[in-house]
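*Asks:* Those sequence lines, one after another, are chains A and B.
Sequential numbering from 1 applies to the first sequence in this note's numbering.
Sequential numbering from 205 applies to the second sequence in this note's numbering.
Among the hints, a few may not be true.
[Claimed, not checked] Computed spacing ranges between beta-carbons, pair by pair:
id	chain 1	residue 1	chain 2	residue 2	range
1	A	Leu22	B	Ala444	33 to 39 angstroms
2	B	Glu291	A	Leu204	37 to 43 angstroms
3	B	Gln322	A	Thr166	26 to 32 angstroms
[Claimed, not checked] In silico negatives: residues of chain B with every beta carbon more than 12 angstroms from chain A:
id	residue
4	Lys231
5	Asn238
6	Lys294
7	Pro314
8	Thr350
9	Ala353
10	Leu386
11	Asn388
12	Lys424
13	Arg443
14	Ala462
[Stated by the list, open to error] With a Cα cut of at most 27 angstroms, we get these calculated DSS-like pairs of lysine-lysine:
id	chain 1	residue 1	chain 2	residue 2
15	B	Lys272	A	Lys30
16	A	Lys199	B	Lys241
17	B	Lys424	A	Lys170
18	B	Lys366	B	Lys338
19	B	Lys241	B	Lys272
20	A	Lys170	B	Lys455
21	B	Lys272	A	Lys199
22	A	Lys30	B	Lys294
23	A	Lys20	B	Lys246
24	B	Lys272	A	Lys20
25	B	Lys246	A	Lys199
26	B	Lys241	A	Lys20
27	B	Lys354	B	Lys218
28	A	Lys20	B	Lys294
Hint data in this document are derived by calculation from the structure and do not stem from the laboratory.
Glycine included, every Cβ here is placed at the ideal spot set by N, Cα and C.
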Amino acid sequence: MIRIIDYGVGNIQAFVNMYKRLGLPAARAKTPNDLADATRLVLPGVGAFDHAMQSFNMSGLREPLEAMVLGRGVPVLGVCVGMQMLASGSDEGVLPGLNWIPGRVRSFVNTPEGAQLAMPHMGWNDLQVAPGAKLFSESQPQPRFYFLHSYYFACDDRDQVTATATYGLKFDCVVSKGHIHGIQCHPEKSHRFGAHLLKNFAIL
Amino acid sequence: MLRPRIIPCLLIHKGGLVKTQVFKSPKYVGDPINAVKIFNEKESDELMVLDIDATVNCVEPNYSLIAKLAAECRMPLTYGGGVNSVEHAKRIIDLGVEKVAISAAAVTNPRLVTSIAQAIGRQSVVVVLDVRKKSGLLAKGYELCTHNAKTTHKLDPVSFAKSLQEAGAGEIVVNSVDRDGLMNGYDLDIAEQVFESLRVPMTMLGGAGSLQDIALLVRKCGVVGAAAGSLFVFKGKYRAVLINYPTVEQKEEILSAAVSPLIIHHP
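The following block holds chain A by itself, in its conformation from the complex (with noise of 0.2 angstroms):
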């Protein structure tokens, strides 16, 4: 079972109508007791990095996924702000991260390229994909997704970028660490490349 994980942040619907559409068996877990059938996780988020950081460590569900997801390994991909906690902390917000994958989040306006565009970087886009990406494994060529966002993940680690996208500067938009991944744009809402993306998720 995919387990969309719900602590009052981000469009968990979106993901449980987008796995139903694929057949692939998923609901929301709420509460500890609901992770218990988990196979995959989904992290998603909106809104602030520090609200959403407060929401998920307030849920009851931070302590029993960092057993599952760094204790027993099992995959999880965080989505948006979702992806954002998985960093070291935020430009945006005081709280640390998750630090589940080393890196920091960084703001687009604090930089020279992105001082001069529209905010947030909202609409469809162009990724590129690191080869032997799993997540885009028999993908479609030249993969496009939806962004909205004003904050970008900069990862540590050039090793654990799988995709990047340029929005007035180059920016790590996929990354992965073993089994811990996080994207930036939406795959929920992203037609034919999302949804296959999400699929390679459930079946890595």
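On the provided structure of chain A, position chain B as indicated by the hints.
*Replies:* Leaving out everything else, chain B in the frame of chain A:
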């Protein structure tokens, strides 16, 4: 490269899908869920659904319809109509909708934009401003309307758009009342004025009659949102109902037309 967002805008009236002209005479064009399914197949960039009854009838958003739309929709969905509280916005987001559009409530109470942005994140807050060229001999500029253009407000749309951005709006949709359904092109003057005053993404709605009109908007303002109703639900001069949407190739042409001569191959 980031692409302009080409967005079908669907109007809901009495549970069905309609298309209006100058905010009047709604013509029934089909079933909303069926339309969403077709736009899924056509891989539309985004979808905007506006319930044009809710605010006028003083009723809450139709949550069961929104849930069905969100469950079907495989692209980012913006819902608007009757949203006038933080609770409304949160409930709509929880149904699987990406962005909530506020219109009349944002005009009468801009602070609501701030509260909703705090609750759901500003990236999910869209403000739709219904604007109209002032009429009359000596009239100049634009005016802001609400309630299906039956109420006019003494506010300058350009500076008001900017103040809503400061209040927490993540996107501003400029809806040209006097171009609605006429398919004679976007109002590029107001588009340029609002675009230049904003930092958040802008989307134009009202007037698009061809892909060329979208290319003209992109040429004027760059990577923006181009929303349209009639263009994507009607075919031909008799306005036969036929849902359509540009192909990937046509979208690339629109993008290249933004910087080169306008040659768009129509479907």
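*Asks:* Now tell me, hint by hint, if it's right for this structure.
*Replies:* Okay, the hints, checked on the actual structure:
At roughly 35 angstroms, the beta carbons of Leu22/A and Ala444/B sit within the given window of 33 to 39 angstroms. At roughly 39 angstroms, the beta-carbon separation of Glu291/B and Leu204/A lies within the given 37 to 43 angstroms, and the hint holds. A C-beta distance of roughly 31 angstroms is found between Gln322/B and Thr166/A, which places it inside the suggested range of 26 to 32 angstroms. Even its closest Cβ contact with chain A, about 29 angstroms, leaves Lys231/B beyond 12 angstroms, as expected for a residue assigned away from the interface.
Every beta carbon of chain A lies more than 12 angstroms from that of Asn238/B, the smallest distance being close to 16 angstroms; the non-interface claim holds. A beta-carbon of chain A is positioned within 12 angstroms of the beta-carbon of Lys294/B; the least distance is around 10 angstroms. Look at Pro314/B: its CB is around 20 angstroms from the nearest CB on chain A, clear of 12 angstroms, so calling it non-interface holds up. Here Thr350/B stays apart from chain A, with its beta-carbon at least about 25 angstroms from theirs, past the 12 angstroms limit.
Non-interface status of Ala353/B relative to chain A is upheld: no Cβ of that chain comes within 12 angstroms, the nearest being about 27 angstroms off. For Leu386/B, the shortest C-beta to C-beta distance to chain A comes to about 27 angstroms, beyond the 12 angstroms cut-off, and the non-interface label holds. Against chain A, the non-interface label of Asn388/B holds: every CB pair exceeds 12 angstroms, the least being about 26 angstroms. At roughly 15 angstroms, the least C-beta separation between Lys424/B and chain A is larger than 12 angstroms, which holds for a residue marked as non-interface.
No beta-carbon of chain A comes within 12 angstroms of the beta-carbon of Arg443/B; the shortest separation is about 29 angstroms. With a minimum CB-CB distance of about 14 angstroms to chain A, Ala462/B clears the 12 angstroms threshold, and the non-interface call stands. A hinted pair counts as satisfied when its Cα atoms are at most 27 angstroms apart, and Lys272/B with Lys30/A qualifies at roughly 22 angstroms. Restraint check for Lys199/A and Lys241/B: the C-alpha separation of about 21 angstroms stays at or below 27 angstroms, so the hint holds.
Between Lys424/B and Lys170/A the CA atoms are separated by roughly 26 angstroms; this keeps the pair inside 27 angstroms, and the hint holds. With a C-alpha separation of about 20 angstroms, the suggested pairing of Lys366/B with Lys338/B holds against the 27 angstroms cut-off. This hinted pair checks out: Lys241/B and Lys272/B have alpha carbons roughly 11 angstroms apart, not beyond 27 angstroms. With a C-alpha separation of about 23 angstroms, the suggested pairing of Lys170/A with Lys455/B holds against the 27 angstroms cut-off.
Simply put, Lys272/B and Lys199/A have alpha-carbon atoms about 23 angstroms apart, close enough for the 27 angstroms limit, and the pair holds. Annotation: proposed proximity of Lys30/A to Lys294/B holds, straight-line Cα distance about 17 angstroms (limit 27 angstroms). Restraint check for Lys20/A and Lys246/B: satisfied, since their Cα atoms lie roughly 20 angstroms apart, inside the 27 angstroms limit. A threshold of 27 angstroms between alpha carbons decides the hint, and for Lys272/B with Lys20/A the separation of about 14 angstroms falls inside it, so the pair holds.
A threshold of 27 angstroms between alpha carbons decides the hint, and for Lys246/B with Lys199/A the separation of about 21 angstroms falls inside it, so the pair holds. Distance check on the hinted pair: Lys241/B and Lys20/A sit about 15 angstroms apart at the alpha-carbon level, within 27 angstroms; holds. Restraint check for Lys354/B and Lys218/B: satisfied, since their Cα atoms lie roughly 19 angstroms apart, inside the 27 angstroms limit. Of the supplied pair hints, the one linking Lys20/A and Lys294/B holds, its CA atoms being roughly 23 angstroms apart against a limit of 27 angstroms.
In summary, the structure is inconsistent with hint 6 from the numbered list given earlier, while agreeing with all the others.
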